[in-house]
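Asker: Chain by chain, the residues run as shown.
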Amino acid sequence: MTKDVKERERVVVRFAGDSGDGMQLVGSRFTDATAVLGNDLATLPDFPAEIRAPAGTLAGVSAFQIHFASRDILTPGDRPNVLVAMNPAALKANLGTLEKGGMLIVNEDSFGDNNLKKAGYERNPLEDGSLDDYQLVRVPMTTLTVRATEGIDGLMSKDAQRCKNLFALGLLSWMYGRPTDVSEEWIERKFAAKPAIKAANLAAFRAGYNFGETAELLGVHYEVKAAPAEPGTYRNVNGTTATALGLIAASVRSGLPLFLSSYPITPASELLHELSRHRRFGVRTMQAEDEIAAASIALGASFGGQLGVTSTSGPGLDLKAETIGLAVALELPLVIVDVQRAGPSTGMPTKTEQADLLMAMYGRHGESPLPVVAASTPAQCFEAAIEAVRIAVRYRTPVILLTDTFLANSSEPWRLPEVSELPEIDPAFATEHNTEGGFWPYKRDERLARPWAIPGTPGLQHRIGGLEKQDLTGNISYDPENHERMTRLRAAKVAKVAEDAPPIHVDRVEGAEVLVLGWGSTYGAIAAAVRRVRRGGGKVDQAHLHLLNPLPRDLGELVRSYRKVIVPELNMGQLVKVVRAEYLVDADSVTKVRGLPFFTAELEEAIRERL
Amino acid sequence: MTKDVKERERVVVRFAGDSGDGMQLVGSRFTDATAVLGNDLATLPDFPAEIRAPAGTLAGVSAFQIHFASRDILTPGDRPNVLVAMNPAALKANLGTLEKGGMLIVNEDSFGDNNLKKAGYERNPLEDGSLDDYQLVRVPMTTLTVRATEGIDGLMSKDAQRCKNLFALGLLSWMYGRPTDVSEEWIERKFAAKPAIKAANLAAFRAGYNFGETAELLGVHYEVKAAPAEPGTYRNVNGTTATALGLIAASVRSGLPLFLSSYPITPASELLHELSRHRRFGVRTMQAEDEIAAASIALGASFGGQLGVTSTSGPGLDLKAETIGLAVALELPLVIVDVQRAGPSTGMPTKTEQADLLMAMYGRHGESPLPVVAASTPAQCFEAAIEAVRIAVRYRTPVILLTDTFLANSSEPWRLPEVSELPEIDPAFATEHNTEGGFWPYKRDERLARPWAIPGTPGLQHRIGGLEKQDLTGNISYDPENHERMTRLRAAKVAKVAEDAPPIHVDRVEGAEVLVLGWGSTYGAIAAAVRRVRRGGGKVDQAHLHLLNPLPRDLGELVRSYRKVIVPELNMGQLVKVVRAEYLVDADSVTKVRGLPFFTAELEEAIRERL
Amino acid sequence: MPDVKVNGANGGSPLPTLTKKDFSSDQETRWCPGCGDYAILATVQSVLPELGVPPERTVFVSGIGCAGRFVYYVDTYGIHGIHGRAPAIATGIAVSRPDLSVWVVTGDGDALSIGGNHLIHALRRNVPLRILLFNNQIYGLTKGQYSPTSEQGKITKSTPFGSQDHPFNPIALALGAEASFVARTVDVDRGHVAEVLRAAAAHRGSAFVEIYQNCNVFNDGAFEPVREKGVREANQIRLEHGKPIRFGREGERGVARGADGGLEIVEVAEVGEDALLVHDAKRPDPSLAFELAHLAERPTGPTPIGVFRAVERPVYAEELGRELAEAHRRADAEQLAELLRSGDTWTVPAA
Amino acid sequence: MPDVKVNGANGGSPLPTLTKKDFSSDQETRWCPGCGDYAILATVQSVLPELGVPPERTVFVSGIGCAGRFVYYVDTYGIHGIHGRAPAIATGIAVSRPDLSVWVVTGDGDALSIGGNHLIHALRRNVPLRILLFNNQIYGLTKGQYSPTSEQGKITKSTPFGSQDHPFNPIALALGAEASFVARTVDVDRGHVAEVLRAAAAHRGSAFVEIYQNCNVFNDGAFEPVREKGVREANQIRLEHGKPIRFGREGERGVARGADGGLEIVEVAEVGEDALLVHDAKRPDPSLAFELAHLAERPTGPTPIGVFRAVERPVYAEELGRELAEAHRRADAEQLAELLRSGDTWTVPAA
Ligand SMILES: Cc1ncc(C[n+]2csc(CCOP(=O)(O)OP(=O)(O)O)c2C)c(N)n1
Ligand SMILES: Cc1ncc(C[n+]2csc(CCOP(=O)(O)OP(=O)(O)O)c2C)c(N)n1
Ligand code: SF4
Ligand code: SF4
Ligand SMILES: [Mg+2]
Ligand SMILES: [Mg+2]
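Protein chains in written order, with my numbering: chain F, 1 to 611; chain G, 612 to 1222; chain E, 1223 to 1573; chain P, 1574 to 1924.
Here are the simulated DSBU-like cross-link-like pairs (lysine-lysine), alpha carbons at most 35 Å apart as the crow flies:
| # | chain 1 | residue 1 | chain 2 | residue 2 |
| --- | --- | --- | --- | --- |
| 1 | G | K728 | P | K1594 |
| 2 | G | K711 | G | K836 |
| 3 | F | K117 | G | K1054 |
| 4 | P | K1593 | P | K1855 |
Note that these hints are calculated values from the structure, not bench results.
Construct the entire structure; sequences and hints are all you get.
Answerer: Here it is as structure tokens:
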């Protein structure tokens, strides 16, 4: 039987199952095949908050969403067109996100009484008509998987059942014409050492694929053509990996060994894990006793002439405040990566938010300004990390790099840069006296940066500390005028960082009188929403900030040139405060504080309402 | 010989000497006599940064300034009219502050070669004409003191010499007609147990007084009449004492035992010391192992149903951030007193500044709003402390109370309130179920405050924590809508605090189009400057904020009603940012970051320039 | 404030009507299936009713970690605090309210990594707290990084090439920090856990209890030699005050002082029972307990469990608590007025 | 990065041209006249030239406190950090730069109150640091509050009615935290200080040195029995590895193991020299050192000074340091390009 092929411009698929069902694996494999096919894509895993909730419960549901298209896309998608639910709990937890009329593929084998009860269903939703609004496709995935793997030598029945995720992968691969070789090669590689498991996974995958091809349940399959893309080599990265690679790249480009000192905390731990694997680049990672130590150790490493970096999330940023203030006074390079998460205090550790901006800017006692950089997309974390390092080294200053849970976990294709195109970072260590017969650690260059003389350099011994320092010499000073001068010098130095910033890129349309101004991980959702508004005839421009402190020099003129400025943020309105204070424009705030990214549709509406 | 008596409206005297010379004692005695006489007054001690610098050096100079007048005054004075310098170092360190033509009284006995050298004088300034711009009065204070104390039984010559500060006190008491009985009674009391020392001090004091009366050096003395004052009983207080008394008063008024948990830090340690003495009121003070513990212990005490307070200065506030964030989530009363000091990092610990405002408002990750109260004068610290407690208890929230080094050390007369006039504070502990058969710890009252049920209350057992909580029940919740609701509820609760705030008091003049808006310890300097500007014909109104977050509800209308708003601050412009962001008025910032309070003259000029 | 009663004890008399149910909250437990935390919870809930302190005068405080979830499951007053700060929060509660029985539940990362300072200070002060350290030698909640009790060379997510850190010996650290009560037990050994908890509850001052707790997801089997039936009988060296230290299936081995002055494991048959060291948990000098703590650096073979040390010393601010409560009760408007008036005052008469 | 040399030692060979002057900065010392810090500074400056490490490869890191000022007076690289964090900052320096000799100067409040956690973690990790704890049993810089080493009942500004806290025994705490080198000395006893500093400098890994330091302004005389000439001869129990522990003006007293297994002070004449305990600083088990630490809970009578413990154990991340430095040197653009390309990639050809 040949089936219809329909073309689709874009599709959102969500795989959902129990934590033990391997949904993240299915999602990643599907993503790779999609990437190789040349679709543009964006993905978002959705992990359970519990370590290992009891199997079959709502708390244990794990999901993975992928949005792919034949044109460029910007977010992992608001609502899936297709939901794969491996058990009743997965159905219950995710059905709400599925578009009305969307396709719902369930593993009907798992809808036994026990699982229904664990998920809190009183009746079987597959049978009570409650799913009538969707295209329900019931597939006995477990049975079919077990059948497909029968006869494999040495395969235990439990292991056979566990391959049902590959069945689902095969089925969806067929549905969207994903290349099978990519997944099959991955299975071959991954299970090379375990022939029975390898064979079972291959069999399950193929069974799923063939099921699509032959079963009468599915009348059509879809084609999503490759998206036009700039020539180049691509890989798929999430924000964590991109940040790690950016830091390593900055280390190589600067010649400064990378020293990450960190204390585990969700969702920043992954960066520690990732960098721990890169000893080959001389990367040292140290798990400190707490966040205060983590920051202090990194600062010590910077004093030693290395690239001191510390990573954390909100609660840890609180604890680092005093040490960051010391770094402001010492004027040493230090990069603090804050992977923002939701809520005050412990909050919702696995959820996203961008509510640490004001903390990053003002969260230290006294006047202690520092540059703040924010990444806008998973892949852009690479550039943002390099930029944070560049500023830290060039200006001898701590820099806070803001990412968030969404960026850390979400992934998208990344066109690999040429190493030679990456910024050069010159540590410009001081090696000689800079004054008559001596060394003044606070004699500044034209950018107001002070010299960085590292231990081991003969003749440049010096002592620095957190007490106010005399201009030039760095000796302790309580002189009122000196304090005023130093306070203004530190502020002026940070302000100078704006001089390096490229002009703000504005995505303009003819006649727009409204600007949507964003920062951080909302870039994709804002851009997608702006597109939709324009498609509906709305005229609106878009700009996105990567340098949050100091603000780019052309921002004032820009925001003042619009009738209205809309600032969407995943907080209660933080950037908007800064913009209003700085430029006195009556910028309008659109906020969402739900631990979730913006949906394109809700932003589209919010913008429309304000046009 | 009778001498001329001239009347003066106001006088600024500065006593300066070596740390070992007892200048703070002289200052305090002079202050008491002045207070009893009925002058209005303001004082400011100026301690050396070193613990005990070598005698005779610049680093060891200690000074005390008093401003007193026959009308109400507002600051300790910009420039002294009279400087008493007990040694060359004191002269050198303080001469710059003396008004041109002012009177300079020196202890000429101490101007030997050795002391001149220690102070860094190459020649004796008493003889090289360098003091010609001043009315130099050379008094051999040491000699005269020794002579006056000759023959006192059991007095050692070293002890005799040490009484020279009382000689200085006597002399100045004569000059300004201070009542002698106040000082003499003090000496009698203080040294009751040491007859020889008592006799020597009395003799020195009287010798100084008589020296004024008889010596030809001084042709005139002055009268500064009592200032009109509201009827009542007065005492002199500095901000530290006033804060301590305010907290104790709030404890008594609320029935909540006061539990101060603190870690020593300049200039906040004094509050710990002061409160440690008040066991009689059931005040418990605990020196914690660090600031994190200090805040956590205080929070624990609050959970236990006491009045948890923690005090610190800038660096300690950084460290408390995470615990304060927990208090925001737990919604428990907690008062954090931040005695602001100068500079980022360690900065200049003994100097003043008001640069922690933005830290207080935004210095925690996530959305964690809390009320911020600032005291405006030393005596007003009393009310500010009570208000902070009232808000904390009424709204079940941490409150940051901002004072600073200037307030802590400076003193002024304080009219004692009637205890019955002090606000009542009702802890309103929960004692019963508040829902069908149970207790919901996050069920709110009309002010959005949650119930406070303390351990020991049967049937109200409950668990609270930093994870996001379900509305009403307080159970852990990851529900997106609940998080949004709780975030907005916490913000709305803090916003409600503004509803209690009295209308902003505006000191108005007919036709003013300019408002000077201040906060914190600059009140006196701003008010004095505004007076002077008005005296010079300038039309300007003044308003001062005590509630910094939320801002009073009438502030928007107020600032919008002026052509210009000037915001003087001892920082780089922090309140001005908030005001601009909130009300979009182009408020103008006047800043000073020198570790010193504003001088009236410089503020006067700054305001004039902007009229 | 209710009347002051030490450690929340109800005048010492048990409340016979209480049962395990009275200490069980309605919240669903959310640990991984098989986690050692379940066994500890069950034992704690079954011991609490014995202690004579009603639920409303019992408080549990925890930090962050899997262990930290504990507080939600016990129907007492409770704070699930922030990472590492439970001993400090609990100090505030215990000191302000000596009538309560205050328990701290903490993990090896929570107590010994980020919270190390508060722990050692609570112990040195002898704040009346029962501190239960669930030591699973791993970070559970953050999904498997090594902890300060993990063995050197440990391969975890944050140390893919093996950790570089030499671990703490929690018992030794507590003793170095002046702890007055130090004990160790093993999650699933309910009888022993109960015994140790009872001793801890009876102790005045800080009681520090290390509980070996299996994390079956990230560090399964770490305590196998002292935890699993069949092997633990040979490896648990059960310390009992006043008794010679003997262990083994048949009590065939023991601990004695060797020629070099140090402790060693001996065969009883060889040295004779009299040569065995008699355990003395009440010795004022903590050195013997410290030696015993070093008998096994890690729970990989014969390992002492039970009460290492239990000595009386002044409880932090105990006397003072009574005094202050009394003073506070007396403090009234008149006293306050007098305080405000203290120092030099002057009066401006009404005109 | 310069070549890796452990603890900054210049291949072990002294640099004979260095003198005390080379380690003296031009900053005026700002301690109170008579402060014990002066004597320590002078001894440190006179010992440094002996160690064969030039000033530019020596780093001093301090926290806040009077002691913290130390760094300004030594002409080496230095950081005057924030309160309590010196061990952490120094860890970053020492770990990133094993070619340096890194010293920490800290006070009893700095190291044991706010900084307690970093201290115990540096010790357990055995980070190559020389940690000098100036213990004056008081907060000097903040003008006289009690510290975690002040005796219980201490009357200070923050405890006008006497402190409630039981103090730490710093030596015991360090031993409980796995310290590999632990010593104690007395500020003015220059010869002894120098000896201990030399031993500390020679130690690989963390060397923890408690220095009794008199604060003549806020806590004068705290160490009189072991500090003042005339009495100290009778009270200093000088520990020397391999030697029987004898002390007193004529060596007439000693330390021996008593009947109950604990240590006690004996008259040599009564028990005979052979009964004396022979000090063994190199014993792998820290228990003997711990016992000695408890011989005198406070320096009010006979008190052991000298090296309590000095054992070799792996230095934190020493090997790894070499490896990483090597790897970093090799990491080039090509390797980087390869790294970026790793994982699944695909190529979009130029149109
Ligand atoms: C300030 C801060 N830093 C880090 C974290 C992340 N965190 C939560 S629990 C934990 C460690 C858990 O380990 P452990 O204390 O051993 O408890 P377990 O989960 O093993 O029971 C960490 C690092 C946090 N919540 N807060
Ligand atoms: C975060 C922080 N808290 C408190 C202080 C104030 N402080 C400075 S030094 C010090 C203690 C000093 O005592 P110690 O460490 O014993 O040193 P000493 O002055 O006795 O040498 C304190 C509390 C500070 N600088 N920073
Ligand atoms: S991760 Fe480990 S410690 Fe945490 S609940 Fe699971 S098994 Fe228990
Ligand atoms: S206060 Fe004490 S420790 Fe500090 S410098 Fe003075 S004498 Fe030395
Ligand atoms: Mg653990
Ligand atoms: Mg000290």
